[in-house]
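There are 2 protein chains.
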Amino acid sequence: MYPLTPSDYARPFLTWQRIADWAQKHYRSRTFSKDERIPVRTGLLYLVERGAVRLVSDAHVIASQRSQEPSESLAEAANEEAFLGFVGAGQPFEIIAQSPFALQSYAHVDQTSVLWMYWQDLDNWPHFRREVLDAFRYQHQRKLLWLSTLGQRRTIDRLLGFLILLIEEFGQPYEGGYYLPWSLTHAQIGSAIGSTRVTVTRLMGKLRQQGLIRLYKDGLLAIPADIVQQQQA
Amino acid sequence: MYPLTPSDYARPFLTWQRIADWAQKHYRSRTFSKDERIPVRTGLLYLVERGAVRLVSDAHVIASQRSQEPSESLAEAANEEAFLGFVGAGQPFEIIAQSPFALQSYAHVDQTSVLWMYWQDLDNWPHFRREVLDAFRYQHQRKLLWLSTLGQRRTIDRLLGFLILLIEEFGQPYEGGYYLPWSLTHAQIGSAIGSTRVTVTRLMGKLRQQGLIRLYKDGLLAIPADIVQQQQA
Numbered sequence: 001m002y003p004l005t006p007s008d009y010a011r012p013f014l015t016w017q018r019i020a021d022w023a024q025k026h027y028r029s030r031t032f033s034k035d036e037r038i039p040v041r042t043g044l045l046y047l048v049e050r051g052a053v054r055l056v057s058d059a060h061v062i063a064s065q066r067s068q069e070p071s072e073s074l075a076e077a078a079n080e081e082a083f084l085g086f087v088g089a090g091q092p093f094e095i096i097a098q099s100p101f102a103l104q105s106y107a108h109v110d111q112t113s114v115l116w117m118y119w120q121d122l123d124n125w126p127h128f129r130r131e132v133l134d135a136f137r138y139q140h141q142r143k144l145l146w147l148s149t150l151g152q153r154r155t156i157d158r159l160l161g162f163l164i165l166l167i168e169e170f171g172q173p174y175e176g177g178y179y180l181p182w183s184l185t186h187a188q189i190g191s192a193i194g195s196t197r198v199t200v201t202r203l204m205g206k207l208r209q210q211g212l213i214r215l216y217k218d219g220l221l222a223i224p225a226d227i228v229q230q231q232q233a
Numbered sequence: 001m002y003p004l005t006p007s008d009y010a011r012p013f014l015t016w017q018r019i020a021d022w023a024q025k026h027y028r029s030r031t032f033s034k035d036e037r038i039p040v041r042t043g044l045l046y047l048v049e050r051g052a053v054r055l056v057s058d059a060h061v062i063a064s065q066r067s068q069e070p071s072e073s074l075a076e077a078a079n080e081e082a083f084l085g086f087v088g089a090g091q092p093f094e095i096i097a098q099s100p101f102a103l104q105s106y107a108h109v110d111q112t113s114v115l116w117m118y119w120q121d122l123d124n125w126p127h128f129r130r131e132v133l134d135a136f137r138y139q140h141q142r143k144l145l146w147l148s149t150l151g152q153r154r155t156i157d158r159l160l161g162f163l164i165l166l167i168e169e170f171g172q173p174y175e176g177g178y179y180l181p182w183s184l185t186h187a188q189i190g191s192a193i194g195s196t197r198v199t200v201t202r203l204m205g206k207l208r209q210q211g212l213i214r215l216y217k218d219g220l221l222a223i224p225a226d227i228v229q230q231q232q233a
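Listed in order, the protein sequences are those of chains R and D. Residues 1 to 233, numbered by our numbering, are exactly what the first sequence covers, in order. Residues 1 to 233, numbered by our numbering, are exactly what the second sequence covers, in order.
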């Protein structure tokens, strides 16, 4: 879909096949099953060859741990894992910064294939290096938009903004609009927008009633075409 | 400060003086007063020469506008502006994506000086181009950490995580720890973490009582050194 994405940033990597062959030959490629953790090292560059990667973080929640309020479960707080977005096929990712949140990556779907290289390896492919850096520029801008939606006070606004941004970036067209090709649990959505599974379920019902979101096939999230167009106006 | 920043990403731009001279000569440099809007065009690259830039977004809040709940003021919702972060001296910024949130930039302090160029201009300085792109990689990672903190359910955790991240990145050392060299209103903080000015004021009091944050001089935000070290551990 990418209705709002400059075509410059959505283009596939030109030298992709050459890179994939190189990675295969140098044992720098591996396939993961759904929800398997992808081990990631600082200083390496990763590329999603097939499937989709889910970025998450483990938050160390120190304020409420210290406050010791009886209503707050420490065990629950300590395990809070935030969904930070997808990395689709053809896209790069890396993990540099670590503290106070540990960033991690998981295969979001079965048969997710990832290859990796040192940044120096890219010296052999200067044009590709530029495309990778442009892809990071684009991802950075998307995260600014994401931060914009999370700055909103009302959870329903954060939720709708979040869903629109995700489907804008990764959505596939169908007769009723655009759908997100991967499933996302209400708990995962809640972890991204600072809310709970229960609240997300309730607000999703409200958004569906208002016709702002839809479900496609087996419960995939979808947005009517006119909602996206309204956003573009 | 940058206690958690790889030195690779915190280094000043080597060819900075040459770029600044070039910008001066080609009338690509301008100084702004505090809170003056910096006009930014898609496709151009901006560099902060002096001072600090504040990135914000205007959210188009469509879900709660449609819901027409009496408790929600439409005028207020329509003007919701989210604080998205600072760009400090020596750092680049750009604005590509626009919808559904309009990103904008303001001078955060007086005498903020910004220069700009086309991306093609960087072809003359390939090494500098690489540093700019590495700076964007670093900014992207910081935004992932920021998203991590905003995924937390409790506002006090989002608030403390937000303050720690800001001070980690921009803080200056003093005898009591590290302080943020620029002021930030409680309303601006609220707009970043999905909360209100009133709630931020209340929770800041709580964090100060717990010794997790401090005030430096005329109300600048500060964090004791041991809190930062605890986060690094």
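Check each hint, because a few of them may be wrong.
Stated by the list, open to error - Listing some non-contacts, in silico: residues in chain R with all C-beta distances to chain D over 10 Å:
#, residue
1, A23
2, R28
3, D35
4, F83
5, E94
6, Q120
7, F136
8, K143
9, L150
10, R158
11, G190
12, S195
13, L215
14, A225
Claimed, not checked - To be clear about the criterion: a stretch of chain D counts as covered by chain R if any three or more of its residues have a C-beta under 8 Å from a C-beta of chain R, and this derived list gives those stretches:
#, region
15, 23 to 34
16, 81 to 88
17, 143 to 153
In short, the hints are calculated from the structure, not lab data. Beta carbons are placed, not taken as given, at the ideal position from N, Cα and C, and that holds for glycine.
Going through the hints against the structure:
1. A23: Nearest chain D Cβ is 21 Å from A23 of chain R, so the label holds.
2. R28: For R28 of chain R, whose nearest Cβ neighbour in chain D is about 20 Å away, the distance exceeds 10 Å, so it holds.
3. D35: holds (18 Å)
4. F83: For F83 of chain R, whose nearest Cβ neighbour in chain D is about 7 Å away, the distance does not exceed 10 Å, so it is violated.
5. E94: violated (7 Å)
6. Q120: With a cut-off of 10 Å, Q120 of chain R remains clear of chain D, as the shortest Cβ separation is near 12 Å.
7. F136: violated (5 Å)
8. K143: violated (4 Å)
9. L150: violated (4 Å)
10. R158: violated (6 Å)
11. G190: violated (8 Å)
12. S195: Per Cβ check, S195 of chain R is inside 10 Å of chain D; nearest 7 Å; violated.
13. L215: Per Cβ check, L215 of chain R is outside 10 Å of chain D; nearest 17 Å; holds.
14. A225: holds (15 Å)
15. 23 to 34: violated (count 0)
16. 81 to 88: With 4 residues in contact (Cβ-Cβ under 8 Å with chain R), the coverage given for the region 81 to 88 of chain D holds.
17. 143 to 153: holds (count 11)
Hint check: violations occur at hints 4, 5, 7, 8, 9, 10, 11, 12 and 15; the rest are consistent with the structure.
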